[in-house]
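Visitor: If you want the building blocks of each chain, they are given just below.
Number of protein chains: 2
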Amino acid sequence: MPEVVRLARARLTRIVEPGWAVAGRWLREFGPVETLRRIDEAEERTDGPLPLPGVRAERWAGLLARAREAPPAERDLERVAKLGARFVCPGDAEWPGQLDDLGDERPVGLWVRGGPSLRMWALRSVAVVGARACTDYGVRMSASLGAGLAERGWVVVSGGAYGIDAAAHRGALGAAGATVAVLACGVDRVYPRGHTQLIDRIAEQGLVIGELPPGDHPTPSRFILRNRVIAALTRGTVVVEAAYRSGALGTARWAQRLGRHAMGVPGPVTSGLSGGVHELLRKEGVLVTDAEEVVELVGAMGELAPERRGPVLPRDLLPAATARVLAALPGRGARTVAEIGREAGTSADDTIGRLYELRSLGFVERHGESWQLTRQAIRGVFSDGGPP
Amino acid sequence: MPEVVRLARARLTRIVEPGWAVAGRWLREFGPVETLRRIDEAEERTDGPLPLPGVRAERWAGLLARAREAPPAERDLERVAKLGARFVCPGDAEWPGQLDDLGDERPVGLWVRGGPSLRMWALRSVAVVGARACTDYGVRMSASLGAGLAERGWVVVSGGAYGIDAAAHRGALGAAGATVAVLACGVDRVYPRGHTQLIDRIAEQGLVIGELPPGDHPTPSRFILRNRVIAALTRGTVVVEAAYRSGALGTARWAQRLGRHAMGVPGPVTSGLSGGVHELLRKEGVLVTDAEEVVELVGAMGELAPERRGPVLPRDLLPAATARVLAALPGRGARTVAEIGREAGTSADDTIGRLYELRSLGFVERHGESWQLTRQAIRGVFSDGGPP
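Protein sequence lines, in the order shown, are assigned to chains A and B. Take the first sequence: its position 335, counting from 1, is numbered 335 in the working numbering, and each next residue is one higher. Take the second sequence: its position 172, counting from 1, is numbered 172 in the working numbering, and each next residue is one higher.
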């Protein structure tokens, strides 16, 4: 993809609001470079028809004001690079193709902080979301789902918020697992403030991503639109606790609309925080009580893909460090992250990241604390005869 | 129906076990009188083919032993008459036709203790069942469902057991509602012993029924087979709390098999007593959190029947006391049970029984503590122009 297109998309994340379908149509019809050109050159005009269709005059004026203030994309890219972050957009190898299901509401691009490949991780991911002001029961269930999904080789996606979200992230982190926080602000910002340590930890062991450019702040509508990214990125959304009309239910509704699984953890009928979940479960949502049941559901589609004969990804196309991690797994038996990292010469966080990438590719699988080669990898159905 | 047929069926409840499909086929093929004759006359025979098909020799011997000990049906009928009880069987006006869905496992007949018409009451009934050793949460939910269903004019059916069953009965009784206990023993016996007062109270304000003849005791298999009657009698079964492999889940499975609604009340995943319910809810059971949601589901079928034009039952065919209760309802507005009973000259229990019968016929409806004429009754769509 030409660098000029990436730069245009990066700069457009400063100018158009997430999930705005009108801008999505511009990108589809005119492409990012031409769309940006029409916005930038429009600054001179004061009357006549607008250079881009479907937008009202006031909104257009606000858009031009943001464009005038927006720094060059290069400066934003430099700014996030210092955090070890990058910009990923449609056309990039790391772009998660499932986000295209959002149509014109697809993100213009995503700012990504953390080592692992977003595309690889998102392939086998599940969202665990819920109320901020949750109960002890909710914390317990969310943490246990986060840990259980991680132990089964699944990536736990959530919104980084207090309550259910945080418990899910922490459950996955604590189980030496993979977790992704999707923020409604710049990935260099921490929201909520109290989660500075948690978000930093997720960025080290996992990924922190968002549509908003560096420094940008969350707004109520940004929280709501962020939820569509969580739903689209994952194979299913589990709502742990949610009152009626909560944002987490919105994520589940997005999941249903996008053909993903919408799941809910039941709770006491006497708890208002289970009320929204029960409402979901009465409307086609699937009741789940543990990670096993979640995996049973979301694993059903595509889970057998590595079984098919033929190459998934030739081993010699893997990045060098990933190939070393793969080589550190024994032909028979299992190893812990620490053992694998020691042999591959990779840090614990880096090892975890690469193991979950290899998991998505069908090379390895996780059972509790241990990782091992898949039967397919051992049988050598991969194009190069599989790992040693 | 000829009295000799009723007497044969009554006596057969002493001889064949509930839900035994082989005996069901005998009744279908030979009729009750001939079936009984072949059993009674077989006492003389010692060899050759058995006079009734499909039964093994040992079982046949046990059956003959029971037949020899069985008193004449007249004596059993006299015995229960002293309790205000009666025998109701297929062909009787009071027989609930939906039990025929059980095919050859249909009860031979039912011993019925209490004033109201079993057939009328069963038309608009829901089963609420669950664990004996339940939690406080379960008691609370069951009692609230029992009361809520009663307040909406629905009859609450359960098994008279400790725990969830008792709470459902008590909830209905406490709301001046209608409730039916289906026992796995004679209706003159009390099981469990600790429920003497409860069962007596149900027999006064509601109905106590069962397949077993007077004096007969419960056995494990009789409890299990009793559940098919609960499921078949009602429009749906709600399981409030149940461990895996509990009897209450068996009732729900029967309900599903018979095309009734199987419903479950969710609870904390951390409670083993909600485990069975969640299992049900993951297998086509419908999640319900209150009586309103139960009624929404079971009321859907046939709920509109009274809306149709034309007679449901002419008022002049109602028993005299029932007609007096109907006449005690004002043309406009609502009255309590006490007010209606005072005007009709009926006791509170009797008034409740007749009001729920009238409810099934579409004449009246209940809203909380008050009863009123239905719009259909006021409009006079009944054959005699409706109540005054």
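What the hints contain is simulated information worked out from the structure, not anything from laboratory work. Just so you know, these numbers come straight off a predicted model, no measurement behind them. A hint or two may mislead.
Said to hold, decoys possible - Only some residues are given here: those of chain A computed to face chain B with a beta carbon under 10 Å: (1) Gly24; (2) Glu151; (3) Thr289.
Unchecked claim - If you anchor each label on the Cβ, the simulated ranges turn out as follows: (4) B/Arg257 with A/Ile378: 33 to 39 Å; (5) A/Asp290 with B/Arg257: 27 to 33 Å; (6) A/His367 with B/Arg193: 33 to 39 Å; (7) B/Gly103 with A/Tyr244: 55 to 61 Å; (8) B/Glu58 with A/Glu296: 54 to 60 Å; (9) B/Ala21 with A/Ile378: 48 to 54 Å; (10) A/Arg193 with B/Asp136: 52 to 58 Å; (11) B/Arg245 with A/Tyr244: 53 to 59 Å; (12) A/Glu292 with B/Gly97: 57 to 63 Å; (13) B/Pro2 with A/Glu292: 56 to 62 Å; (14) B/Ala81 with A/Glu296: 37 to 43 Å; (15) B/Gly103 with A/Glu292: 49 to 55 Å; (16) A/Asp290 with B/Gly215: 46 to 52 Å; (17) A/Glu296 with B/Arg332: 53 to 59 Å.
Glycine included, each C-beta is placed from N, C-alpha and C at the ideal position.
Visitor: Run the structure past the numbered hints and jot down the numbers of the failing ones, going up.
Guide: 1, 2, 4, 6, 7, 8, 10, 11, 12, 14, 15
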